[in-house]
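Trainee: Residue 263, in the UniProt record's numbering, is where the sequence shown stops; the numbers in between run on with no holes.
Certain hints may be false.
Quick list of the computed label-pair ranges, beta carbon to beta carbon [as the list claims (entries may be wrong)]:
hint : residue 1 : residue 2 : range
1    : Phe28     : Gly91     : 31 to 39 Å
2    : Phe28     : Thr261    : 18 to 26 Å
3    : Met175    : Gly206    : 27 to 35 Å
4    : Gln83     : Asp182    : 34 to 42 Å
5    : Ala256    : Leu223    : 41 to 49 Å
6    : Lys24     : Pro173    : 32 to 40 Å
7    : Gly225    : Lys116    : 20 to 28 Å
8    : Asn78     : Glu177    : 17 to 25 Å
9    : Asp50     : Gln121    : 37 to 45 Å
Straight-line C-alpha distance at most 30 Å; calculated DSSO-like pairs for lysine-lysine [said to hold, decoys possible]:
hint : residue 1 : residue 2
10   : Lys180    : Lys221
11   : Lys189    : Lys87
12   : Lys143    : Lys87
13   : Lys24     : Lys110
14   : Lys143    : Lys162
15   : Lys110    : Lys189
16   : Lys135    : Lys189
17   : Lys218    : Lys110
18   : Lys135    : Lys116
19   : Lys143    : Lys110
20   : Lys139    : Lys172
21   : Lys112    : Lys135
22   : Lys116    : Lys180
23   : Lys81     : Lys172
24   : Lys87     : Lys218
25   : Lys112    : Lys24
26   : Lys135    : Lys162
27   : Lys96     : Lys139
28   : Lys87     : Lys139
29   : Lys162    : Lys112
30   : Lys112    : Lys87
31   : Lys180    : Lys218
32   : Lys116    : Lys81
33   : Lys221    : Lys112
34   : Lys180    : Lys96
35   : Lys162    : Lys139
36   : Lys135    : Lys87
37   : Lys116    : Lys221
38   : Lys87     : Lys172
Calculated from the structure, these hints are not laboratory results.
Keep in mind that this is a model prediction, so the values were computed, not measured.
All residues carry an ideal CB built from backbone N, CA and C; glycine is no exception.
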Amino acid sequence: MIETPEQQQSKSVEPTPRPNDVSKAEQFAALVHSRRSVRKYDADSAFDHDAVQRALELAVLSPNSSNMQLWQFHRVINGDKRQQLAKLCMGQNAAKTARELIVITTTPYKWKQRTKMNAAQVRQAFEGREDATSKRALKYYEKLIPFLYRNDRFGIFGIARKVIVTYLGRNKPMMREVSKADLRVCLHKSTSLAAMTFMTAMRAEGYDTCPMEGFDSKRVKQLLGLNSQDEITMIIGCGPRAQDGIYAERHRVNNAETIITHV
1 MIETPEQQQS
11 KSVEPTPRPN
21 DVSKAEQFAA
31 LVHSRRSVRK
41 YDADSAFDHD
51 AVQRALELAV
61 LSPNSSNMQL
71 WQFHRVINGD
81 KRQQLAKLCM
91 GQNAAKTARE
101 LIVITTTPYK
111 WKQRTKMNAA
121 QVRQAFEGRE
131 DATSKRALKY
141 YEKLIPFLYR
151 NDRFGIFGIA
161 RKVIVTYLGR
171 NKPMMREVSK
181 ADLRVCLHKS
191 TSLAAMTFMT
201 AMRAEGYDTC
211 PMEGFDSKRV
221 KQLLGLNSQD
231 EITMIIGCGP
241 RAQDGIYAER
251 HRVNNAETII
261 THV
């Protein structure tokens with residue numbers, strides 16, 4: 001029997017080898033190579049929703065800016081809501097056929113709560129110490145974080161910060177990304193790191209994913225009852241890969257164009 005290109009492609013991506021067979025580096029390389037953005041999922045294969053929970057519990061361990069953890073992961077598992085959400089993802093196959101959809105958001109309005117949490121952790125970690133390191137760590141959360149995260153509706157505080165760091169940066173190195181827009185970028189970077197951890201963890205569970213940016217963010221927020229200040233980083237579809245779930249061979253720009261070594 002002659003196999004279709006899609007069937008051949010599906011066979012070319014094998015699960016991660018067993019730990020006893022290869023080194024950890026080889027295991028990870030195999031995992032990364034086997035991860036693809038799958039556009040169609042198998043509706044008939046078994047799917048363990050607990051695997052999603054396990055993957056998300058690993059995702060929250062991802063590195064994030066200042067350990068603020070200003071993210072949320074909304075699971076949309078079954079029923080009408082999942083189909084409604086798929087429609088709001090512009091009817092993409094990766095959404096329509098997904099066995100579960102994960103909406104990843106930033107939660108900038110929780111910065112005060114998370115700042116207090118981190119400051120308390122610092123006090124506990126450095127209890128009884130009065131050295132420069134402990135004072136600097138506490139100052140970071142009690143002074144610098146409020147300075148960077150406090151914003152107004154029109155971004156005036158951010159403009160003021162820009163003026164201040166431009167002045168201070170005349171004669172010494174200075175972090176320049178301090179506006180309200182810069183903070184948004186920072187939070188989405190953190191959630192993207194978590195998203196990648198989640199997708200890799202799902203591949204380790206034997207399932208596939210597809211991150212999507214094409215969606216109606218306003219209607220998605222209404223559907224899920226999200227806070228007006230939440231911002232959606234991406235929506236990830238997941239499930240068991242269908243035979244024709246990968247549309248084409250993987251291709252990448254030549255490494256020489258993207259990996260630059262400075263000597």
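Trainee: State for each hint whether it applies.
Mentor: Hints versus structure:
| no. | hint | result |
| --- | --- | --- |
| 1 | Phe28 x Gly91: 31 to 39 Å | holds, 35 Å |
| 2 | Phe28 x Thr261: 18 to 26 Å | holds, 22 Å |
| 3 | Met175 x Gly206: 27 to 35 Å | violated, 42 Å |
| 4 | Gln83 x Asp182: 34 to 42 Å | holds, 37 Å |
| 5 | Ala256 x Leu223: 41 to 49 Å | holds, 45 Å |
| 6 | Lys24 x Pro173: 32 to 40 Å | holds, 37 Å |
| 7 | Gly225 x Lys116: 20 to 28 Å | holds, 26 Å |
| 8 | Asn78 x Glu177: 17 to 25 Å | violated, 41 Å |
| 9 | Asp50 x Gln121: 37 to 45 Å | violated, 30 Å |
| 10 | Lys180 x Lys221 | holds, 21 Å |
| 11 | Lys189 x Lys87 | holds, 26 Å |
| 12 | Lys143 x Lys87 | violated, 44 Å |
| 13 | Lys24 x Lys110 | violated, 37 Å |
| 14 | Lys143 x Lys162 | holds, 17 Å |
| 15 | Lys110 x Lys189 | holds, 17 Å |
| 16 | Lys135 x Lys189 | holds, 28 Å |
| 17 | Lys218 x Lys110 | holds, 20 Å |
| 18 | Lys135 x Lys116 | holds, 16 Å |
| 19 | Lys143 x Lys110 | holds, 17 Å |
| 20 | Lys139 x Lys172 | holds, 20 Å |
| 21 | Lys112 x Lys135 | holds, 20 Å |
| 22 | Lys116 x Lys180 | holds, 21 Å |
| 23 | Lys81 x Lys172 | violated, 53 Å |
| 24 | Lys87 x Lys218 | holds, 13 Å |
| 25 | Lys112 x Lys24 | violated, 39 Å |
| 26 | Lys135 x Lys162 | holds, 26 Å |
| 27 | Lys96 x Lys139 | violated, 48 Å |
| 28 | Lys87 x Lys139 | violated, 47 Å |
| 29 | Lys162 x Lys112 | holds, 21 Å |
| 30 | Lys112 x Lys87 | violated, 35 Å |
| 31 | Lys180 x Lys218 | holds, 20 Å |
| 32 | Lys116 x Lys81 | violated, 35 Å |
| 33 | Lys221 x Lys112 | holds, 23 Å |
| 34 | Lys180 x Lys96 | violated, 35 Å |
| 35 | Lys162 x Lys139 | holds, 21 Å |
| 36 | Lys135 x Lys87 | violated, 52 Å |
| 37 | Lys116 x Lys221 | holds, 27 Å |
| 38 | Lys87 x Lys172 | violated, 51 Å |
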